[in-house]
Amino acid sequence: MAKVELTINGKNHCFEVEDRTLLVNLIRDHAQLTGTHVGCDTSQCGACTVHMNGEAIKSCTVFALQANGAQITTIEGLAKNGKLHPVQQAFTQCHALQCGFCTPGMIMSVAGLLKNNPKPTDEQIYHGLEGNLCRCTGYVNIVKAVKKSAELLATQKQSR
Amino acid sequence: MDQHHHSPLFTVDGAKLSRLEDLRLITGKGRYASDWNDPQQLHACFLRADRAHANIVSINTDKALQHPGVKAIYTGADALAAGYLRSANFLTFAGKDGMKALVPDRPCLAIGKVRFVGDQVAMVVAQSHLAAQDACDLIEVVYEDLPAVIDPVAALQPGSVLIHDDIPGNSPFEAEAGNEAEVTQAIAKAAHVTKLSVDCTRVTASPMEPRAALIAYDKTTEQYTVHTPSQGVNMTRRQFAAYANNMSEDKIRVEVEDVGGGFGQRSSVYPEYVAMMIAAKALGHSIKWVSTRTESFLTDTHGRGNLITATLAMDENAQFTALRIDWITDMGAFLSPTGPVSHIRNPSTCLNGVYKIPALYGHFKVALTNTALVAAYRGAGRPDIAYAIERVVDTAALELNMNPADLRRRNYIPANEFPYKTATGSVYECADLPTLSAKALQLSDWSGFEARRLSSLAKGKLRGIGMSTVIEGTGAGMYPKDEIELSANAAGELTAHTVAHSQGQGHQTSFAMLISDAMQIPVEKIKIKQGDPARSPHIVGNHSGGSRSMVGAGTVCHLAALKLIEAAKSLAAEDLGVEPSQVSYSKGVFQAAGSRKKITLGELASKKTVSVKAEGAFSKQTFPNGSHITEVEVDPETGVSEIVSYLTVDDCGHVVSHTIVEGQVHGAVVQGLGQVFGEHIVYDKQTGQMITASFSDYVMPKAGDLKSIQVEECPTMSKLGPLGIKGVGEAGCTASLGALVNAVVNALHPYGIKHIDMPLTPAKVWATIEQAKSQR
Amino acid sequence: MHAFSYVKARTLKEATDTLLAHSEAKLLAGGMTLIPTLKARLAQPTHLIDIGGIEALKGISLKAGQLTIGAATRHVEVANSPVVKRAIPALAYLASQIGDPQVRNRGTMGGSLANNDPAADYPSAALSLNATIVTNRREIVADDFFQGLFTTALDSDEIITAVRWPVVGKSAYEKFPHPASGYAMAGAFVAHNTKGTRVAITGAGPGVFRWMEAEQALGKKMNAKALEALQLEAADLNEDMHGTKEYRANLAKVMTKRAVAKLSGK
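Chains as they are written, first to last, in the numbering used here: chain A, 222 to 381; chain B, 749 to 1524; chain Y, 98 to 363.
Read the hints as simulated data drawn from the structure, not as lab findings. Since we're looking at a predicted model, the values are computed, not measured. Take these hints with a grain of salt, some might be off.
Derived pair list, reagent style DMTMM-like, types lysine to aspartate or glutamate, alpha-carbon separation capped at 20 Å [stated by the list, open to error]:
1. B/Lys1512 - Y/Asp240
2. A/Lys224 - A/Asp240
3. B/Lys1512 - Y/Glu111
Here are the simulated distance ranges between beta carbons [stated by the list, open to error]:
4. Y/Thr143 - B/Val760: 22 to 28 Å
5. A/Gln345 - B/Met1150: 23 to 29 Å
6. Y/Gly316 - A/Gln345: 34 to 40 Å
For each residue, glycine too, the CB sits at the ideal point set by N, CA and C.
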């Protein structure tokens, strides 16, 4: 057992965990934030994607202890002051989710993608979504939502 | 072009949404099976067979029981003691010569024998998931290996090893449809006969949410409370009760909120859940289990897995005269609840596809193999039969040197012949296939293909075009009717209870839209509740599956709204002191005729109970249909196929939400694309080990596989219900298999290639081209 | 996953000391291969030594025709580095094609090379450019480093600290990703300079290897047509349900041709 101190969605936490605890288990079981999901065991599906120090990572492939001192943002922490993040807005407005299970990871990945590349081409979007699987939408509307997110983010930036 | 009919957005808490359910799902507030917890819960982990076929000589749990945190270990002996030995099976019709299916027992934990890799041998219950997993490694099982049979054709051969001693020839069921003698005669007299065998490959639904359950037992009420993914809690309760030694359904409370995809795979109650009931009762704690993805691959029911031979007879005018279908359906090691019925009844209903064929015969043989069970998967036999027919029709066109669109046009059932009784006895309700197909041909510029082919060729790419026109039955289900309970509250809001459980289809929006339309109340004021254990047991209705929910429960939402208005008019009349006939209703307000007296729905509901239950029966079925046309470019250097255009023209009757319908079509087409180009459950033929037990090996579709899609409608209205709805959930899967394979085979015609079985992986397409080149 | 003790190493010395103290200890850098392996219960180390936080193992610098990249430098940093993009653009491109964005945000160059997965991307660049693998003890040229399936010249207590990449000539990478895992079914890294041409193939065989016939053909004529008549020997290549040996041989050739075309700007 070991101690992990980290920040999740701006809140400081300290947990006692087994060394083999994965970050996703810390988030779901210890911090009880169940919006981050687990869809596979081989780091393929991306349902567990969160931001660690501002970058999209798969929380099923990081040990909780590796996140000591880190700033974690999960889907629950993306909306600010009750206002949806542009990527969240775009996902619903483009009907880019159906069952919603992959959606938190998908949204966190897209938020990460657009941070590095605010105006991606179609090919860059496909490449940027390689770490996330969705079984319901056929991805067509997800790709639309990425473009819509980019537009909304650009507008948000301008209006600042 | 696409998404040209986007429905308006709804406003909830200041957020603009496509669907009412979206707000919780995009903010991480959805509640899926593994999100349920009980502070006192214990964790289960299953020890699974590491081999395909073996007798269990002994199981030693001593060391495992010593492991810190372990509370108990259960094995087949406990299944036997509980009597949890037989899962439900929905195969209700008689087979060939009146035969009844031989349904093998499937104890919730294996007794004496394991029959596929992943079969559950023991269940460890411990204080943590990790402790349970560690202890599984400490269980010692001595096996006596038996030869395994993986291939369904081999399993049916005389002398094959038997998977169940009491099922001779590994074939528990055989069934027929139509008239064999007529078909044989017509084939003998035909001017041309085309015969094609296709493998409608075994795949897995892979909803993104893995299976999970939290199961508690209450000593005082003797009730079990279950949280698990479900497509409809009635069907789930019924299966739980049946599996648990025919316990009363009242003893099972099922509470389900969000479900992370279903596709038929979440319609079954699985043995793990029933084993957990034993532990929950014995230990007095809630038991939690969350499947790994590997376990999902190994033990969730698979889909398709049908070997189909189609023999199509034509006269000298290329009019179809007879079709014979010989079908071997691989069901795995046991019969799943939905598998046999899906893979026999559904194809029998549409055995002639969209064509006028006077003589039909289908022969279905069920095979058992040492593999995971097969059950309904999006379309459940409908995509399989449509694929076989659309492939044999394209092959016939090739053999006759005809344009496949012309051959189809000659044989479509004319619009004026609906309702059309098929030679297997089903009645297609309504469709206008020639108009629908003409629209698809025109929108896809079918006739301009040659120019596009040449321009692709100039880039070194082989371009192909394929079409598929299909029809499928929907509306019927296990329950004779669908009910909706609709109530108003003092805030003037409405709540509808249903058992048709959304697994992503968006019922909380589309059902609300129907009620909103009928009652002229904003959608945002209508709540659709599903999987509520307090209400669901009092509602009859079918689970969501078979494209039926909008046809059934959706239509009844409309009926319930009308009924509520009438019932509330009577209540309002009492309050307003007039005759009910004097009360009019508009936009949530009841008004007495010729006076200013009125009362709002909310005011009425604050004084009196405003609640109705409405019902509708849909077992006669309606028949969504559609035509898909796609073009692909094949890179002969690598064998990669790229989809360059995809058009759907669907007749799903009246459309409530175009946004949701388009989403359903997108998703289903891409699931079809997945099966066509990569998805495939593969077992080692000798050892029975699964080669594709993870997303690193099983090829899931990814973003960019389908770059764009044009979704169009060409509706004819169903008369099955008052709204004309036909259903759409499975249409995309049903049509896409044939369209895409036809397109790739068309691209490869220049090499003389006539057929390739799915999956059309780059490696296989390349090898097929190379082989064809070497033979020229 | 089996139980283990996690040790966070702050310095290289701490890491080596722990490694020496426990025979069944393993190094953890990005963990992109190791953690899935542990989750599948395919390895049972007693200790995991996290070297991801050691500052000495990080960073990218260009000096005297040598691009030096710290072993704990993540793929995303290599892919986006202006220095790498200018010095060896093919290396930055290769890094941008590894795994997926989330993997690139964690996975490291040292981890990839030390693991020597036969379908990993970096080994092809290292072998083609004959990079120098710098460890806590010595320097190993790529020609001597890769020794077949998951095997390298590293001793059990040796740690890669950096990789030195020679900056000369032109190079290009083309890969055909596995349809499910995204690893290379076949990847070709072609490096061309005044001394000659080196072609390294990953994914197709049990380990990265040089395709000598292609190098010779390209030595005579540096264009894709020069490869047309060649056939990579298929006998020793990998085979699975996603591709036969022959298919992989073909892919290796097609990827080499495409890399050459890219390299020569065609």
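For each hint, the structure was consulted:
| no. | hint | in the structure |
| --- | --- | --- |
| 1 | B/Lys1512 - Y/Asp240 | 35 Å, violated |
| 2 | A/Lys224 - A/Asp240 | 9 Å, holds |
| 3 | B/Lys1512 - Y/Glu111 | 51 Å, violated |
| 4 | Y/Thr143 - B/Val760: 22 to 28 Å | 53 Å, violated |
| 5 | A/Gln345 - B/Met1150: 23 to 29 Å | 44 Å, violated |
| 6 | Y/Gly316 - A/Gln345: 34 to 40 Å | 36 Å, holds |
The structure fails to meet hints 1, 3, 4 and 5 from the earlier list, while all remaining hints are met.
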